[in-house]
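S.K.: Below are the chains, spelled out letter by letter.
2 protein chains.
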Amino acid sequence: MNTASPAGAMQPYALTLDRFIEHAAKWHGAVEVVTGGGAGARTSYSALRDRSNRLSGAFRALGLEPGDNLAVLAWNSQAHMECWYGAVGIGIVCHTLNPRLSPAHLAEMIGQAANRVLVISPDLTPLAEALIALCPTLEHVVVLEEPGAEVSLPSRGRVVAWRYEDLLRDLGQDADWGGFDENAPAGLCFTSGTTGAPKGVTYTHRSNYLHTVHQLQADAAGLGARDSLLIAVPMFHANGWGLPFAGPAVGAKLVLPGRHQDGPSLAGLINAEGVTVAAGVSTVWLGLVDHLDRTGEQVPSLQRIMLGGSPTPQALLDRLEQRLGVKVQTSWGMTELSPLGAVTPASASVRKASQSGRPPIGVDLLLTDADGAPLPRQRGHEGRLRVRGAAVIERYFGYDEPAVDADGWFDTGDLAVIDDEGNLSITGRAKDLIKSGGEWINPVEIEAIIGALPEVALVAVVARAHAKWGERPILVIQPRKGAEIADQALLDILRARVAPWWLPDAIVRVAAMPLATTGKIDKARLRAEHG
Amino acid sequence: MNTASPAGAMQPYALTLDRFIEHAAKWHGAVEVVTGGGAGARTSYSALRDRSNRLSGAFRALGLEPGDNLAVLAWNSQAHMECWYGAVGIGIVCHTLNPRLSPAHLAEMIGQAANRVLVISPDLTPLAEALIALCPTLEHVVVLEEPGAEVSLPSRGRVVAWRYEDLLRDLGQDADWGGFDENAPAGLCFTSGTTGAPKGVTYTHRSNYLHTVHQLQADAAGLGARDSLLIAVPMFHANGWGLPFAGPAVGAKLVLPGRHQDGPSLAGLINAEGVTVAAGVSTVWLGLVDHLDRTGEQVPSLQRIMLGGSPTPQALLDRLEQRLGVKVQTSWGMTELSPLGAVTPASASVRKASQSGRPPIGVDLLLTDADGAPLPRQRGHEGRLRVRGAAVIERYFGYDEPAVDADGWFDTGDLAVIDDEGNLSITGRAKDLIKSGGEWINPVEIEAIIGALPEVALVAVVARAHAKWGERPILVIQPRKGAEIADQALLDILRARVAPWWLPDAIVRVAAMPLATTGKIDKARLRAEHG
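Here the protein sequences line up with chains H and Z, keeping their order.
Our numbering puts the first residue of the first sequence at -19, with every later residue one more than the last.
Our numbering puts the first residue of the second sequence at -19, with every later residue one more than the last.
Incorrect hints may have been included.
Since the list gives no way to pick one copy over another, a pair counts as held whenever it fits inside one copy or between any two copies.
List time: in silico DMTMM-like cross-link candidates among lysine to aspartate or glutamate, alpha-carbon distance up to 20 Å [unchecked claim]: (1) K411 <-> D298; (2) K179 <-> E119; (3) K332 <-> D485; (4) K179 <-> D349; (5) K415 <-> E362; (6) K415 <-> E88; (7) K6 <-> D399; (8) K6 <-> D387; (9) K448 <-> D242; (10) K500 <-> E374; (11) K461 <-> D156; (12) K448 <-> E45; (13) K6 <-> D400; (14) K332 <-> E425; (15) K6 <-> D344; (16) K448 <-> D146; (17) K461 <-> D298; (18) K448 <-> D150.
Since the hints were made in silico from the structure, they are not lab data.
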């Protein structure tokens, strides 16, 4: 380098999350953020930014300091978003909690995070009362106001209970946002526990910022200022897939469904708000398409669905595309990945439910054997999936040891194949495999075959203990409404496609698949009930 | 924070430019990079990555070390891209030079950068010989091989001259990329000098990485793996607008025109390579559309043109959209901004040539008065435009003093208005304003009116010294081929739209507007010849 003269410099620019809402307020200030429920509610990015900023002052007045965790137990709403930006703007960490978990589980997480302030949706007051009894660290409970829900404050005496609007009015004060290290923590989210004991994932400002801008590229979320985005994935589910950051970053209109994720509510919101892009797990879209079939309604504004959370039956994907007239983007992600790991472009010509697309820039994938050694051939061979990237976990909350191997790779526990074009297919979870007579049976392969049948809405294969074989597969199906298919027909279809000893020992029909708290099929419960 | 336990962590991920080509090679390895000229040449991202990596070893063997500047004087080609990635992968800084500058100017820049190695396109050997005579720091000259051009080595004895393929074969060696600070310099680019003395802008890995991912969002470059991208903006012009990074980041096919930017060459490349998106300045597209009109050819694959570099006449924008059947994205940028400052989404319904769209996330704009005080009303009022952001200059190369004000804003020297929706219109350059009788005349306003006429291909208004009034405006037009418009008609049109004293004192017709080295209209030369 020419040491005789300074090399020149670019401006400092910290990758902090306040950037997104500040950008939206300044350049897309009139764009709406709509909350469903009751008569609904709407605000603008400009107003939401100003309220969030005053909320920062209120959080400070409650004694929260940079690095403290704020517990938020709430549905997707304007107030919930204000809490996020109000907290992270001054370095407070948003600890998002899933209202569908048991009080004991939630209390464990609140204890680990040492939460002193809990924010709840108005219908969750009974749950909050249970938590107050279980959580000695709690000092304040703030009850949000959401359209169509009565506010009732928790009646326990030990904590101070606030109506959200009172808090904002009485303690709200403009605050200076940002100015801290971009590597400061911004979020805390415990894994769903469907695949092991819940563990906390700490997102940083930098990791969430980079996840957002990587996600925004055309082949991934591809959002623009002319989009109306329905975030039907809960904000407590891996940051709502990062969409409460991505929407403001580009000035897309946001549509938040509150606690109402049923078909009629979603259809109503989509049509009232001209939704163009919607994100959520497949069970949510199954409810929507069933409702539309029942009523004959259409959703003409909807162009695209971003699907994630769990494998989707091919028949459901085809049905969504045909009935809704949309493109479905399959994807693969995890709480530990913030969550995006791979996604199919909306423009893809092949639309296979089993494929999750390619990783975006910022994510790298590696297939290994069971011992963690890289497979010599990374294309066309099944292996254990490991991940590295800008928004991938290195160490769980409260743990000393890293969650990555010596080369920095995080082991997902998933089995996967990557094809010659780089497309990822998740082929199973290592721990879901069924060992029968010393040989492995992969439930995902059977589920893909049965899930492709038009008569089947949802499908799961779980293990049942067997004296002789160790484990045997059981097929559980939720038939599509009004459709029928005989056991023999199911077995005949399988017989043509899988080895004889893969055929299930029993076929169980359920009216509604049990769902875990994140909307995924609850295989643990299926195993307990039918295994 | 719960200090009893570690807060958890995300993985480290340095924002370095090798990420882009590594990602392309791994996930879009078979996607082509095509170079025009002669019989053309094509490679894949995978091969380009491997050759770039071996080139790193060759650069090291020439004595280049991290932080050293490598001078590159070349047209857009595969070999040019290999030099970029081969250099930045090991921390060498790419100093891009414009072959259309005079040897004296280039020598000044090479001297400032203390370049010891110069890379040139094969047709630039005479220029290299002039530079060898002028630049005592030069030790090696590497002559690239490009399709359709003969390689002749410079004959001067003092430097060691290399054929590119010989260098790669004899000294090439695989290198470890990355592993340095993301704030390390990656590029050096001197401003065009159309608006003052050339000054060097130092890009860092981090600023270029962030510029790329900010630019990739759907409303800006919006590129995807199914795109074929023609980079008709020179790579020495503010990193080719960052597109040699953005293309690999999403796996878009790249089409590089070599030194041939004429209409027939571009039309041929677009059709042969199925180009969907093309980027360049308006004079380049004027050449294309004139050629198509002449031959009756079509360019059916082309969907979108990203336009930048200078204001575009409305008539040209309309003509491009209609004749080519494309969407034109207007934009505003500067070398000091890496370069993107604002851009119109391809989906925008209003397509006004005078509008440059909104800033993307990562860029912020401020309008001030002449003293730098923020205008109290930022919408609907003209002011001086200042910029802050993740890829905006803080200090020029070789300067001690910052290029920003006390609040961190860079003064662009442009005049601008921002409308209620946040759309930027550049209304003039402070230094181009014409002062007549103590009052300001804004050339851009007159140019917009005349530029909207279908008879006019290009237009410029410059000042002529005047004994009584100080300065008076002169109108210079390049009529569209075969079109005519009388002086009286031009004056009548202006008379209806501007104040009487804004009417030009003279109207000059030129067959071809003089262009500066970046393809912008050379107002300095117009002033010298007609002012």
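S.K.: Quick check: which numbered hints come out false for this structure?
M.R.: 1, 2, 3, 4, 6, 9, 10, 11, 12, 16 and 18
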